[in-house]
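There are 2 protein chains.
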Amino acid sequence: MSEIASKASLESVAPFLPLIYVAWADGELAADEIGAVREAASTASGDPSVQLLLQRWLDPRQPPSAFELALLLDGIEEAVARSATDLDQRLDLAALGLAMAESVDGVSSVERDALMRMQEALGVDGTEAARQLLASGRPGAERYSSEPAFDHEGLADFLDQPEAATRQRVRDVLKRPAFRYLDEPTRAEYRDQTYVWLKLLGEEGFGSLSYPEDCGGAGDTAAFMAAFETLAMGDLSLLIKFGVQFGLFGSSIHQLGTERHHREYLPKTGTVELPGCFAMTETGHGSNVADIETRATFKPESDSFVVDTPHQGAMKNYIGNAACHGQMATVFVQLEVAGHEFGVHAILVPIRDQDGRPLPGVSIEDDGAKLGLNGVDNGRLAFSGVEVPRANLLDRFAQVSAEGEYTSPISSPSARFFTMLGTLVGGRVSVAASSNMAAKSALSIAVRYANRRRQFGPPGESEFTLFDYLSHQERLLPRLAKTYAAHFALRDLGRAYVVSMADDTSDRRELESRAAALKAFATWHGTDTVQACREACGGQGYLEENRFAALKADSDIFTTFEGDNTVLLQLVAKGLLSEYQKQFHNMNFGRAVRYAATRVSGKLKELAPSLPRSVDASVLRSREFEADLFEYREEHLLESLALRLKNRIDRGLDSSRAILDVQDHMIELALAHTDRVVFESFCSAIDDAPEDARSTLELVRALFALSTLEQGRGWFLEHGALEPRASKAIRKEVNRLLGELRPQAEHLVAAWGIPEELLAAPIAN
Amino acid sequence: MSEIASKASLESVAPFLPLIYVAWADGELAADEIGAVREAASTASGDPSVQLLLQRWLDPRQPPSAFELALLLDGIEEAVARSATDLDQRLDLAALGLAMAESVDGVSSVERDALMRMQEALGVDGTEAARQLLASGRPGAERYSSEPAFDHEGLADFLDQPEAATRQRVRDVLKRPAFRYLDEPTRAEYRDQTYVWLKLLGEEGFGSLSYPEDCGGAGDTAAFMAAFETLAMGDLSLLIKFGVQFGLFGSSIHQLGTERHHREYLPKTGTVELPGCFAMTETGHGSNVADIETRATFKPESDSFVVDTPHQGAMKNYIGNAACHGQMATVFVQLEVAGHEFGVHAILVPIRDQDGRPLPGVSIEDDGAKLGLNGVDNGRLAFSGVEVPRANLLDRFAQVSAEGEYTSPISSPSARFFTMLGTLVGGRVSVAASSNMAAKSALSIAVRYANRRRQFGPPGESEFTLFDYLSHQERLLPRLAKTYAAHFALRDLGRAYVVSMADDTSDRRELESRAAALKAFATWHGTDTVQACREACGGQGYLEENRFAALKADSDIFTTFEGDNTVLLQLVAKGLLSEYQKQFHNMNFGRAVRYAATRVSGKLKELAPSLPRSVDASVLRSREFEADLFEYREEHLLESLALRLKNRIDRGLDSSRAILDVQDHMIELALAHTDRVVFESFCSAIDDAPEDARSTLELVRALFALSTLEQGRGWFLEHGALEPRASKAIRKEVNRLLGELRPQAEHLVAAWGIPEELLAAPIAN
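Which chain is which? The protein sequence lines are A and B, in order.
Residue numbers for the first sequence follow my numbering, so the first one is 1 and each next one is one higher.
Residue numbers for the second sequence follow my numbering, so the first one is 1 and each next one is one higher.
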């Protein structure tokens, strides 16, 4: 039937060509549907040859060939080209046919009617089909751009506070060529390079920032915290090695030791002349530090402690700096003096000589390759009859005299343990901030890519950017909002930490609980965000040059170290229960619970927030609405938890088992508490923000709050705190906020100030 | 005050020692609370010296020292040791004091009363405090063990079907020393080793299993799929290299080519004599294959096609086997014949000579290091005027004659495109199954570790296993259940795929949609599960020897390749809309939507499932209850989506923009649909399972269903499909199921049959 596609014959049926082409090119019309179009065409023309041709073209038993269809399309394109004026974009198939035919012969009213009937029979959206038909290629597209709604530098400076100058110094150092990422180093090379970097940072004075001024430091905890957080913009192995040397090892001396330890060791620690380890975790005991088994026994005849690892499971494990570089370790031990046990204490144990050889009695194993952080030399330490001078006991909270007399300003063993462990809190604060920085790096890359990368789009137009897709906005923008929220909450936490370091009377328990909560919040957020951003960058995100590989692998362990997140959240929940009485820890758990339960019993119902009558944007976006829900959920969970625990303890369960039983509830409470704390920090931060940035930040705050509430809507609906109508309204409002914030997203990530060089992300530029 | 802790003085206040110790050791009692205990002790004894001693011990202004407390504890321990019989575990502090005192002197009724009053004033749980006090060290614990509720081998064999023999052969091969994982190879070494492995598998005949028998194959698609899935127990770089060579490259020849291609190339492909690539994705076009820009133009004078890469963005990218080993590539091109465009076609292009040198006109770049899968040599390919014989066109669906005549059995260009792309479906099915295998590997390690690792516990008892913790059960068991669910759904999908390969008349569109849905489901599940299991193994999970490093890095890209999950879910949703009319694709989207909307309009309310009157376990665990909810959600989402789309199209939006607007809804629908499909597969699989395993599998099915419904409870509550009461009941039932399944967990993972050697997980053994 190739004669039907001859040039002459195509011209004779010109007005019908678009319809015919679409009918077949579609490829999905059933025979009877083609038949219906054919039927509609049956009186299309008075000219029998035209009529015959139309019936032939629309014969379901003899579909045109692929080649004929190609010719047909060519014919249409030629006819369109011939038509004098640009064709209206809103033409449908029938009108397109008419426009084409006019350039040939003109069209009769009979043909016109037939066209309309055929288009109806075809059942497609004629306008869209015509546009697709005419589309040839795609025009190039400009890079997406938008105006910031705020002064960019003003917000960046606000986010850099406090310690903006220190942050800038760290950025400048990291941008130096000496700190360029290595290209596929071996593990040994990577460890060596990280050590070189560490020493450079030591030389720059970053390591000793928090140490006392007379020990080579600057006495400036806030600056140290800021430096650490900013280092997380770069290589995370370096960050962790830095944290081990100056933070964990150095701080253990600083905070658990006394002046003579400070004078002797801190200057050398700050310059990395004395590379050190923080040996707390054992293979058998990670989270449960109270049950570690490494032992130090006082030996009066030599005025020394003898350090021993009783069995393999009690080896110190995952210890940074242990496999290669460490020369001394702060070792956590069970202290035994004169046959009495005094619980966990820290003691300085030399582990290597200056040539790097393990000292007698010290066995060192390499932890080998890890999922990430391979620039850090983690290893295992075991001790066999290692004698260290009595003076090596870090004795701020407990002293042993030459005569073997044990004294401590804290007589309760339990309180002593928690006080010493409290020195970990700085590490938690810092790890949380670093995780959030990993989220910032990932988002900085993914948001830019989302505005540049295009894929799919309407025919004849340039493709959509990825960020035009709602699903893509949903992936990135709530996480961006949460990153802002975490930023402000962590800033408040950091400030509280700095205050507590200067003030012994501050409430450490509250600080520790907040640090635990935000550490879990920020590290899970970091892991989740890095993953989502990798996926949002597709195959590009999988290439190592685009940095997700390193971010993902290196930040993964943040959810585990410095306290496993799940364990931390249980501590948070216990802390909340104890707030009722300010007298709560493991020992008298039952008492706190009962007290709490007595106070709250029967009170639950009064708390329900008054449901708002209207759920329009102004209500949903208001701080009050959001705050009410966050607070209600926390209160309700706390009080129902207390009741459930009381129940179990009344039934005779011991407290450990009662906790096991309601552990899901405890974690839910801790998470709800954290959301509330983070939300409050966000609100108060906005009040301090540059005025021109506030309205944008309020949108970010609303997106954080509403997307968090949306995720938790199951609970709110179950407990009558949201009506279905309000819950649905929240989801819609989240979508609206996504649309409003998309143009600001790139400016919001830029304000984090991560230098281009450190993103090392070709795809984002 | 050290005289108060002398041996004699301690004996004189023996009955009060436990109470005194706890009062101070607690460390948290305020002065007025200690005062209250002291007050209660004020008439404890007629003996003034005893009375004085008690008042001294309980003086808030003079707390005992740490050392005195240690002596006190020693005193208690000695007294307990002296007491003739084993002390009752249920003694409280007062009773303990009495028991101790009896071994000394006996106790007066005055002392007895005072003890009671003091214990009350102390306000602790006396029994628990006494137990803690007496606890010294922890007894060793047996390894957790439990009896399987079913015949283990029977279930394992059932799970191995179909093609159990092939699976066993692959296991046996992978266990050979030659396939041992490399220890920290360089990238070059890893690529070489993977290539060696690939050739070994080729020699064993695994690669050609699906090829026709007269081309060196076994004509057995099912066996090939089983082999691929089982290979995912081992190194995933090998898996992907295997998939590229035999699956993508080989299958493109097999399915897009014709007999002469089969005869010429398949035998060499199966033995890896001809290593090949599958070059579809371009840097600029990953998901949107229709818009790729590589071009092949027919040149009649030389009877050849000329292949060209018009610009850098059109380079083929991420192409496996391209950087090092590939000698030929199936290249997807825009085909141009005699000035006409015929859309995307596949053509065989030699890229390297046998010595591995790129051929003239072919540029090859290395993609370099990646987040994972570094044993696969991904690269970029560009072509500049590369001529290949006309015979190289894979011409099953379109032929070009020497005269430049283009013919195709499928005249619609759109249908032709989708038919050719349909060849990808096998890859999707296989990647989904491999992701689920990654989840199985991760769970196999984490579940065992959870039963072995202990941390924290009640004083004096052995520590709890991690799996005793509800939060740990919540981390692992719903994912275990989902892995079972995915297993059965993927088995059904694999069977349908095998059927479709043998039967040209089968409904490919439905199969493609199901493959897309399950690919997204299984790959997100894999990523999520590997991460959760890594975290559940703490620091141990971070060490490379424990395999999470490789699992996490290597399986990460599964969510992106063979179709980005988000893009796939949109296809699924479009497919569901079109089911109303079986006539739906991009071209006539508007029609399908309108048709769908007409059919459903006003129907939504009738569908609400009748809420069950009772929500006890028998209802919640019933298939009917769960099926109703899954079905209702899918139907409701489908119909409300159709209405929303209709609305937008009626308002004049084109279909692409209408879709953007409701994209979240489309993805939600696709996910809901997938849950329902998976659930149904699970149910019907149980009906075929060995009888003794069914009741356990029903628990697994219920856990999968209820935890999925729990996660989605926000939607059900919003839409009145669940009442708050039922929603809460579901959460409780999930917890009950966790407790019931925990003893079976290790047996359930063992039934997956992943050899110990491949888990390479010291922590799990």
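Rather than coming from a laboratory, the hints here were simulated on the basis of the structure.
Check each hint, because a few of them may be wrong.
[Said to hold, decoys possible] The calculated BS3-like cross-link candidates involving lysine-lysine, where the alpha carbons are at most 25 Å apart (straight line), are:
no., chain 1, residue 1, chain 2, residue 2
1, A, Lys199, A, Lys268
2, A, Lys728, B, Lys728
3, B, Lys732, A, Lys646
4, B, Lys199, B, Lys175
5, B, Lys728, A, Lys646
6, A, Lys199, A, Lys175
7, B, Lys268, B, Lys199
8, B, Lys646, A, Lys728
9, B, Lys646, A, Lys732
We went through each hint and held it up to the structure:
Proposed proximity of lysine 199(A) and lysine 268(A) is supported: the alpha carbons are some 11 Å apart, at most 25 Å. The straight-line distance between the Cα atoms of lysine 728(A) and lysine 728(B) is roughly 20 Å, inside the 25 Å bound, and the hint therefore holds. About 18 Å separates the Cα atoms of lysine 732(B) and lysine 646(A), which keeps this hinted pair within 25 Å; it holds. For the given pair, lysine 199(B) sits about 16 Å from lysine 175(B) by alpha-carbon distance, which is consistent with the 25 Å threshold.
For the hint pairing lysine 728(B) with lysine 646(A), the CA-to-CA distance comes to about 20 Å; that is within 25 Å, so the pair holds. At most 25 Å may separate the alpha-carbon atoms for a hinted pair to count; lysine 199(A) and lysine 175(A) meet this at roughly 16 Å. For the hint linking lysine 268(B) to lysine 199(B), the alpha-carbon distance of about 11 Å falls within 25 Å, and the restraint holds. Taking the CA atoms of lysine 646(B) and lysine 728(A), the gap is near 20 Å; set against the 25 Å cutoff, the hint holds.
Taken as a hint, the lysine 646(B) and lysine 732(A) pair is honoured in the structure, with Cα atoms around 18 Å apart against an allowance of 25 Å.
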